[in-house]
Amino acid sequence: MSLDKVVPTPAAAVADIADGASLAVGGFGLSGIPWFLIGALLEQGASDLTVVSNNCGVDGAGLGLLLERGRISRVIASYVGENKEFARQYLAGELTVELTPQGTLAERLRAGGAGIGAFFTPTGVGTLVSEGGLPWRYAPDGTVAVASPAKEVRTIQGRDMVLEEAIVTDVALVRAAVADRAGNCVFHAAARNFNPVAAMAGRLTIVEAEQVVEVGELAPDAIHLPGVFVQRVVPLTPEEATRKSVEKRTTRPRPPASAALQEASAAAIT
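Using this note's numbering, you'd call the opening residue of the sequence shown number 22 and step up by one each time.
One or more of the hints may lead you astray.
[Stated by the list, open to error] Pair ranges (Cβ atoms, derived):
1. Thr144 to Ala243: 30 to 36 Å
2. Ala240 to Asp191: 29 to 35 Å
3. Ala171 to Asp25: 47 to 53 Å
4. Thr271 to Leu149: 31 to 37 Å
5. Thr271 to Asp37: 37 to 43 Å
6. Gly163 to Gln123: 24 to 30 Å
7. Gly138 to Asp25: 57 to 63 Å
Hints listed in this document are in silico derivations from the structure and should not be mistaken for laboratory results.
Computed from a predicted model, the values in this text were never measured in an experiment.
No residue lacks a Cβ here, since even glycine has one placed at the ideal position from N, Cα and C.
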């Protein structure tokens, strides 16, 4: 494979994603999500998608857009609380949902990328996670149509642990702060989140990068994701690179300045 993995546009990068594909998608809430790859996939039209992501976007943004168009049929996630349409579809029996503890989800993705078929973890032992019975899909009348199966539990080093299977997907969509033309990636701060492990889990991994540099410009010790996991890199324009949102903006009124500070400010002005 050529070291130059750059693809000119998001549309070209996702053009061959087929109906029924499984996708691992980076991000946490709206932090670090691949905005433009998701938008291109929305326009491309693939449907009946299985999505593996920490959450499924929010109403009107991110993966929530694919959800609103009825393009997602199954979700494997750890958190869905910010998306009312997600809850509606799930409770109405329109969507299959496999809720997974957050750390377990991250490790399932990482294990898939590392070639590990399954692993044991104490997380979830003694709950519906291990014993089965979590509602994966509801019937229209509100009864449980499909429930999670029981999982193997084994005592290891004196502690009960549950067997969790690794996740490998057809495609991974992620966002990086910087990538070189060979696909080596650097993520920024909180936007690192699920992006590296999602990238590892995809058989075909597509990265949208805020900045693309030449091979050799990234210090080896600075690389968070080696290019061996990446097949396509989409450079964003400077304007696109600035698109970063949060789910909620919370502020409080600025407290009044103290009398001494007000006097000092007045004196400085005069």
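**Study point:** Numbers of the earlier hints that this structure fails to satisfy, in rising order
**Key:** 7
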